[in-house]
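Asker: Using the sequences and the hints, build the whole thing.
The residues making up each chain are set out below.
2 protein chains.
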Amino acid sequence: MSTPARRGRRPGSPDTRAGILAEARALFSVQGYAGTSVRAIAAAASVDAALVHHYFGTKDELFLAALELPVDPRRLLAPLIEQGPDGVAERFLATFLAAWDDPELRPSLLAVARGVMDPAGSKLLSEGFLPVVIQPIGVALGLDRSEHRMTLVASQVAGIILLRYVLAVEPLASMPADLVVATYAPTLQRYFTDPLP
Amino acid sequence: MSTPARRGRRPGSPDTRAGILAEARALFSVQGYAGTSVRAIAAAASVDAALVHHYFGTKDELFLAALELPVDPRRLLAPLIEQGPDGVAERFLATFLAAWDDPELRPSLLAVARGVMDPAGSKLLSEGFLPVVIQPIGVALGLDRSEHRMTLVASQVAGIILLRYVLAVEPLASMPADLVVATYAPTLQRYFTDPLP
Chain C
1 MSTPARRGRR
11 PGSPDTRAGI
21 LAEARALFSV
31 QGYAGTSVRA
41 IAAAASVDAA
51 LVHHYFGTKD
61 ELFLAALELP
71 VDPRRLLAPL
81 IEQGPDGVAE
91 RFLATFLAAW
101 DDPELRPSLL
111 AVARGVMDPA
121 GSKLLSEGFL
131 PVVIQPIGVA
141 LGLDRSEHRM
151 TLVASQVAGI
161 ILLRYVLAVE
171 PLASMPADLV
181 VATYAPTLQR
191 YFTDPLP
Chain R
198 MSTPARRGRR
208 PGSPDTRAGI
218 LAEARALFSV
228 QGYAGTSVRA
238 IAAAASVDAA
248 LVHHYFGTKD
258 ELFLAALELP
268 VDPRRLLAPL
278 IEQGPDGVAE
288 RFLATFLAAW
298 DDPELRPSLL
308 AVARGVMDPA
318 GSKLLSEGFL
328 PVVIQPIGVA
338 LGLDRSEHRM
348 TLVASQVAGI
358 ILLRYVLAVE
368 PLASMPADLV
378 VATYAPTLQR
388 YFTDPLP
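Chains as they are written, first to last, in my numbering: chain C, 1 to 197; chain R, 198 to 394.
Read the hints as simulated data drawn from the structure, not as lab findings. Since we're looking at a predicted model, the values are computed, not measured. Keep in mind that the hints are not guaranteed to be accurate.
[As the list claims (entries may be wrong)] On the chain C side, residues computed to face chain R include the following (Cβ under 10 Å): (1) Lys123; (2) Leu125; (3) Glu147; (4) Thr151; (5) Ile161; (6) Arg164; (7) Pro171; (8) Ala177; (9) Val181; (10) Pro186.
Heads up, the beta-carbon is just placed ideally off N, CA and C, and yes, glycines get one too.
Answerer: Quick look at the structure:
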């Protein structure tokens, strides 16, 4: 009786899992990724921290699960990182657009974008998605001034998401994906690898 | 007695003016700039259209008044447009940052940015601010593919506003203005004037 994990079926039920996710999302939103511990999420969900790890793995994985992304961005991005910094902008944009332009994925991605861009106290983007998903790309590529560079990349990608997908501003909203890649690749490649002031 | 302007003080009262602005903002938010007529705003505010023009001038000016910007962006941008497309990106960024980094202006600009970026049905950015303030810059500069180019400019500037000001993501949030200008000027100058795919 000492840990909730021993209280019969309930800890393993879909309700328990959903409850952990809901508490995780609420805490990450308000306190950011770094300011939220797995222990605090477990306490808020009235379960043991070990149960949280059992269901969701690491804190990074719990964070991504809480975002409810339709795809794991780290799995999508791994192949393009393996090929190194040369031409990474074009590969990054092609991968990014393939996900966003997929009619099965776009509704969920839009929902996530609306959530993380919501400035009403949300720290999901600035203190969650950026350090967990975006910043590791620069580290894995071995970039100099990696945090600086990846923040510049994020500032252009966020604008593309906002104008092309969230607000559907023309002519960007209807532009063919290959033209979007060709248009923005020089910008992003400069942010990734070129000398910067 | 035939026009509201003749009903004593009331039409000219601060309440009437505020009422027109509130109705203008509500209609522009939902229907966009093009989809909202001065006549519809006047009807919603229960005043004559002539009174709206009397207080606010053109529909463009009413739109900007409804945004409640602390500065008129067209007045700020006019001098840099007069100097032509050469080096316009650097002048544009310096002007933009001087306004946003002014501690007297930033709170109001943040409030506006939060309003126009709010994806919950707001058309203030996509169908208001862009055609009224941003697109005319490209036209005044005589750019080829002006709408295309200014949308790209907007996609980078929106990302800077979101990351540097709204979400305060480091290291961008604390970067000195001259470094921000030097960092983004090559990107914007390419969008303004260079050959594009």
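Asker: Should the hint that Ile161(C) touches chain R count as held when the rule is a Cβ pair under 10 Å?
Answerer: OK, holds: Ile161(C) within 10 Å of chain R, min 9 Å.
Asker: Tell me if the interface restraint on Leu125(C) is satisfied: Cβ within less than 10 Å of some Cβ in chain R.
Answerer: 6 Å, holds
Asker: A closest beta-carbon separation below 10 Å is what the hint needs, so does Thr151(C) meet it against chain R?
Answerer: 5 Å, holds
Asker: So, Lys123(C) near chain R? Judge it on the closest CB pair being under 10 Å.
Answerer: 8 Å, holds
Asker: Quick one, is the Val181(C) hint okay against chain R at 10 Å, beta carbons?
Answerer: 9 Å, holds
Asker: Holds or violated: Glu147(C) as interface residue toward chain R, Cβ cutoff 10 Å?
Answerer: Hint on Glu147(C): holds, closest Cβ of chain R at ~6 Å, below 10 Å.
Asker: Could you check if Pro171(C) really has its C-beta closer than 10 Å to a C-beta on chain R?
Answerer: The hint holds - Pro171(C) has a Cβ within 10 Å of chain R, the shortest such distance being about 5 Å.
Asker: At a threshold of 10 Å, is the proposed contact between Ala177(C) and chain R supported by beta-carbon distances?
Answerer: Violated - the Cβ of Ala177(C) stays beyond 10 Å from chain R, reaching only about 12 Å at its closest.
Asker: Taking 10 Å as the limit, does the beta-carbon of Arg164(C) come near enough to a beta-carbon in chain R?
Answerer: Check passed: Cβ of Arg164(C) comes within 8 Å of chain R, closer than 10 Å.
Asker: Is the shortest C-beta separation between Pro186(C) and chain R less than 10 Å?
Answerer: Because about 7 Å separates Pro186(C) from the closest Cβ in chain R, which is inside the 10 Å limit, the hint holds.
The structure is inconsistent with hint 8 alone, although it conforms to all the rest.
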